[in-house]
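Student: Letter by letter, the chains look like this.
4 protein chains.
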Amino acid sequence: MRGNSLPELGVGLIGTGFMGRAHALAFHNARTTFDLPFNLKLVALADADAARAEKCAASWGFGRSHGDWQQLVSDPSVNLVAITTPNLLHFPMAMAALEAGKAVYCEKPLAVSLEQAREMQAAALKAGVVTRVGYNYQHNPIIGLAKQMIEGGELGRIVSFQGEFSEDFMGNGLSPWSWRCEEAHAGGALADLGSHLLAMARYLLGDVDAVCADSQTVHPQRPATRGSEEQRAISIDDQTYALLRFANGARGTFGSSWLKHGYKNHLSFEIGGTEGTLSFDQERLNELRLYRAGFPGRDGFQRILAGPAQPGYASFCPAPGHQLGYNELKTLEVHELIQALGGQGSNGTDFAEAMEVERLATAIRMAAKEMRWVSISDI
Amino acid sequence: MRGNSLPELGVGLIGTGFMGRAHALAFHNARTTFDLPFNLKLVALADADAARAEKCAASWGFGRSHGDWQQLVSDPSVNLVAITTPNLLHFPMAMAALEAGKAVYCEKPLAVSLEQAREMQAAALKAGVVTRVGYNYQHNPIIGLAKQMIEGGELGRIVSFQGEFSEDFMGNGLSPWSWRCEEAHAGGALADLGSHLLAMARYLLGDVDAVCADSQTVHPQRPATRGSEEQRAISIDDQTYALLRFANGARGTFGSSWLKHGYKNHLSFEIGGTEGTLSFDQERLNELRLYRAGFPGRDGFQRILAGPAQPGYASFCPAPGHQLGYNELKTLEVHELIQALGGQGSNGTDFAEAMEVERLATAIRMAAKEMRWVSISDI
Amino acid sequence: MRGNSLPELGVGLIGTGFMGRAHALAFHNARTTFDLPFNLKLVALADADAARAEKCAASWGFGRSHGDWQQLVSDPSVNLVAITTPNLLHFPMAMAALEAGKAVYCEKPLAVSLEQAREMQAAALKAGVVTRVGYNYQHNPIIGLAKQMIEGGELGRIVSFQGEFSEDFMGNGLSPWSWRCEEAHAGGALADLGSHLLAMARYLLGDVDAVCADSQTVHPQRPATRGSEEQRAISIDDQTYALLRFANGARGTFGSSWLKHGYKNHLSFEIGGTEGTLSFDQERLNELRLYRAGFPGRDGFQRILAGPAQPGYASFCPAPGHQLGYNELKTLEVHELIQALGGQGSNGTDFAEAMEVERLATAIRMAAKEMRWVSISDI
Amino acid sequence: MRGNSLPELGVGLIGTGFMGRAHALAFHNARTTFDLPFNLKLVALADADAARAEKCAASWGFGRSHGDWQQLVSDPSVNLVAITTPNLLHFPMAMAALEAGKAVYCEKPLAVSLEQAREMQAAALKAGVVTRVGYNYQHNPIIGLAKQMIEGGELGRIVSFQGEFSEDFMGNGLSPWSWRCEEAHAGGALADLGSHLLAMARYLLGDVDAVCADSQTVHPQRPATRGSEEQRAISIDDQTYALLRFANGARGTFGSSWLKHGYKNHLSFEIGGTEGTLSFDQERLNELRLYRAGFPGRDGFQRILAGPAQPGYASFCPAPGHQLGYNELKTLEVHELIQALGGQGSNGTDFAEAMEVERLATAIRMAAKEMRWVSISDI
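Line by line, the protein sequences are chains A, B, C and D.
Using the UniProt record's numbering, read the first sequence as starting at 1 and increasing by one per residue.
Using the UniProt record's numbering, read the second sequence as starting at 1 and increasing by one per residue.
Using the UniProt record's numbering, read the third sequence as starting at 1 and increasing by one per residue.
Using the UniProt record's numbering, read the fourth sequence as starting at 1 and increasing by one per residue.
Source of the hints: derived by calculation from the structure; they are not laboratory data.
A portion of the hints provided could be inaccurate.
Copies of the same chain are indistinguishable here, so a pair counts whether it falls within one copy or spans any two.
As the list claims (entries may be wrong) - Taking lysine-lysine pairs in the BS3-like style, the calculated list, with each CA pair at most 27 Å apart, reads:
no.	residue 1	residue 2
1	K369	K126
2	K147	K126
3	K147	K264
4	K369	K55
5	K126	K264
6	K41	K55
7	K264	K55
8	K147	K55
9	K55	K126
10	K147	K41
11	K41	K369
12	K41	K264
13	K369	K147
Just so we're clear, the structure is a prediction, and the values are computed from it rather than from any experiment.
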């Protein structure tokens, strides 16, 4: 809980869409849920639609609103700039905030090109501030347990990774075009979904050395809008598959698809070691599936439920089986960010790490285009 | 979102434990998430520990704090009193609030005896205010879907109900005594867990006509505290099972246990009709399992994921598969309460309905004690 | 494998329906799969339809055929009489075989009334021969593992049993009448399905002391045949539920229904102890679900796959995960029977035990009819 | 059922190991279960161990036995030669049988090299006889349903395939060397396990055009025997992953591993189309998981149970949910073979198709070795 003697941390949020509201809720809930090292202030909310900014600011508890995000960035009482705008705007906004010496919390993907991402990383390094990118799935307490098991050697030496992030919102040819179909906006199944999985793979297993991949545009044209007769040509990937070689020696497969019917948020993976196997599916985010060798006759995959034994969970629910939701992963992400701002060691995704995710995705894209293995070190 | 021209609704919250914080979060998140018919104000927070009340009020965004709950109840700017204190205190607090003409939002169970519950119901009726009791599991959007299917006849005529609420926190004889082991505090597996299931059964299928039951104290003594050598005699039920006859003709079974190992929040049920079957488990609160007759060769239980098609869900997540958590059910409960305060028809559990739940539990307790069938109408 | 020096065991089989063929296959496969203590001979096959008996005898490898079962029973080269005819005929056939001093292997249920069952048990006792009744689900190797865990104390003291056997072949009012709807033929959900579950409950947990129950005829009339306009009045139970008190102190619930949509062979149970929980579903007959207390942070229900570690499995498959089928449970049942004939201690269901199952079912029937608790000792 | 007027079909079986007995049982059970177009005779059984051959012949119902398989092959009353010996012997035995004009039923893999496989295919073509290779998993009735759905267009256009066959019997470095570790014996995870999955992929989706792959020897040495201190160098693949491009346009991933802990028979796949998705796991061989688009609000993956609606199932069990076992897939395989011998169109794996499986495996091996995409047409 907040005490009066704590330093103030002024938050400025840009964007009032679904993700903007998710950030607003997360900041509030982090304040109510955790003992933070700051007196957190929701200083300002910006949206190009000034009227909407004003209305949301009142409703979400922000002190003031702006129709021009640059005013928010230059506001001296804003210490942290949170960016939830369309992907194309991440670069100019983050660069301006870094230039102004502000900490930056940017939604994923970091940028719409590897070049941008590298420039942003360099700017962050120069600014010497805390940066974070919204790969919120990593903040799931049960993912924390998975990471602890892997790093603690409970699975033995890690030898395999199978990962797939599939959804079905572009499931057939009638699903209409959107900005997600444009490469210039970081669209496509690989960038939109796959990047979450690549971030997760790196979070749990570290660097990837080399990749081979295959991408496909299944529906080369889609209606301009739902039900429209106007068709737009599509060149972005509907599905991308890859082989991965990790620096730790593990081998495996990767998939991302936005047209696999039946899946709504199937960020899933299975990690095999010489002593056990674990698997996870974001569609059941409060569960980890674990097999441990060494229990002959009493062995079998078990379902571990999220619970207070895992850091972060107990702040929301007193007992296992009660379950966290998507929005609470966001609150945990914000908590980690604020801890980092307070100087406490942490494991969030900063701009440097997010750039590595972009680099890996770029390698996959190149491998698919050129139909050959690509070393990450060559990117 | 909140507009300035809306009438004010002043909330007073009593209790700062886990459930107190859950209420505080729920009020805030309801305000941020929904367009409410009120300008919601967190007016006052009360706790017998005045220092804690003050600290929590600051952290949770309440305007003032009280060490004496009666001050909160008599505060004219408080329109709604939320009660999250130990069960014994529900009665005096709710009665005082009703006496003062306030709307009341009381945690479950309504009271520690059927007599109290009846008195509270009568007082609520006389006061003519909105009352609600915290059976939050009913506010799960996917439970709303289940209710809609049942009432819309998708399962045909309902003929069976199997329900079980099991946890394992009292799983062995070393799990220590707590107030939950005292009948005077509405303890025991039936009251503590089973009442949730009875409320759910009534919510979905309506009145129960008659019950037969069996209760057992498996561990007749438990340590006074964890690890203590001092033993306390226990007479409360560790597990209770029952047969249910519903007024709609359905028959079935009921179980509640707090010592079934492996279960953490296993409020589960299966409802069978002449055209289909559905089942649910609170440990996977975002899923409904459904079988519909009439698809020969392509039939099978299917897993329906919570999603925006169900009322309430879309306010938290834009897409299915992203999942709500326990706390969001609380937010939905608060939303329904505020809607009711605004005069919008709703289906929340008011004092009259909560009294019926107590009555049903009382019938089960009597049936078990006297080893005979008991008609609810005789209670 | 069979050696020439082994004593001969002549098998006579009555009935050529599905279950007759299942027996024929089981005898043959037992011979091919196991080292038996006998030189097994398929001596004779009887069916009231003599032509069918002859044809099946040739196809199934029996030496001769009869249109009159009494000839088979009196054939001196027949040592073991297997009965797979309609329930009404179990009594006269088994009594004649016992009278002739033959071992008897009778399909379930043992008889169509408790009186018959008691007479058959007495006759078996007097004859001093080996008898078996076809509760084949108990011969599942993974059920053997469950029994071993329970008896070995791995679950601690057993405190709860929840069992349900549901199917849906009478799922709606258009499912036609059949002999299964007649009490005189041991019809109804309790006798037809529930008796399997009662046998299983006794097999795993032993005697039941007392029961309370509720039975219902959901569809009081059904078409005489599928699609017929002629309706027949039905008085048999479509569903029966009960509370069980076991002699070992465990309490629990029982259900049997033949109109729960979606279930095809849902003989399922969950057994709770002070140290763990196990559950099973016949629809996944090669799996056991187990939770063991005492692994904090690494606990969860696990799925144990049938495998060679369990007696009997390895005779069919060399590795776990390959799975036995329904018919192999029958082969295991026959193997146990032949072992018993060879004097090897075993745990099959003999007439005495099958009579106890009938007695328990009778108690449930009486408890439902009279709406009161019934002690088994009073039956 | 067999009639006297049917032509005789004399079966000669080579090998008396686990697979030999599985064949013997399958021939017998096919005879008892199905109306065959032949009078099936179990003529002869051969094993290099003549005493064992004699003993098994007596036990399994074969007319005579041989210590020399060539005698069996040249026996004029043998019309069909079944080969269940070690992989190295498939080639000489099958070639001799074809040379003698016999139909051949050979266990998988067809041969230990693509060259052998091609020679065998050519010999089969020249002999003009029926040949079959034991990819028994394809004969699962529920796989038949999957094939029917795919070919009938129920999933729309097929766009993706994810397949994995994992087991764990070589799960750690202490699992000893066996012949399965030798390339000359067609060892390794790809050949031993993966070939089943490749055969299944071809069975369901047809030709593969191109592959890229990655193979790894995780444990470069293993004990010579269990517990031995002597170590043997290992160069065979412990795990192999691949990208697949199907001729029908579908893309996907392939995996095979014999060291993924927890899996015992995890031949699994998921097939995505523009209208739906289906998945299967051999560890639950009686189930198909299906999602069909077009049921908004009532959609979700469903579990379809094997049942009499699927060809073949009803011959073993009268009702769904009763389940077939591994050995019954073998019986179904034998049935299909005998139907083919009787001139009835069928879809079994003949030598030509089995050669294509070897060719595909060879392409994967080459792609992994040379780290490049390989077109199947170049093999």
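Student: If a hint holds in the structure, say so; if it does not, say that too.
Tutor: Going through the hints against the structure:
1. K369 to K126: neither (34 Å within a copy, 44 Å between copies)
2. K147 to K126: Result: close neither inside a copy nor across copies, 30 Å intra and 57 Å inter.
3. K147 to K264: both (24 Å within a copy, 23 Å between copies)
4. K369 to K55: neither (46 Å within a copy, 59 Å between copies)
5. K126 to K264: Classified as neither: same-chain Cα gap 40 Å, cross-chain 49 Å, threshold 27 Å.
6. K41 to K55: both (18 Å within a copy, 17 Å between copies)
7. K264 to K55: neither (32 Å within a copy, 42 Å between copies)
8. K147 to K55: neither (41 Å within a copy, 35 Å between copies)
9. K55 to K126: So K55 and K126 fail the 27 Å test inside a copy (36 Å) and across (40 Å) alike.
10. K147 to K41: Classified as neither; 33 Å inside a copy, 42 Å across copies.
11. K41 to K369: neither (47 Å within a copy, 57 Å between copies)
12. K41 to K264: neither (35 Å within a copy, 37 Å between copies)
13. K369 to K147: neither (33 Å within a copy, 32 Å between copies)
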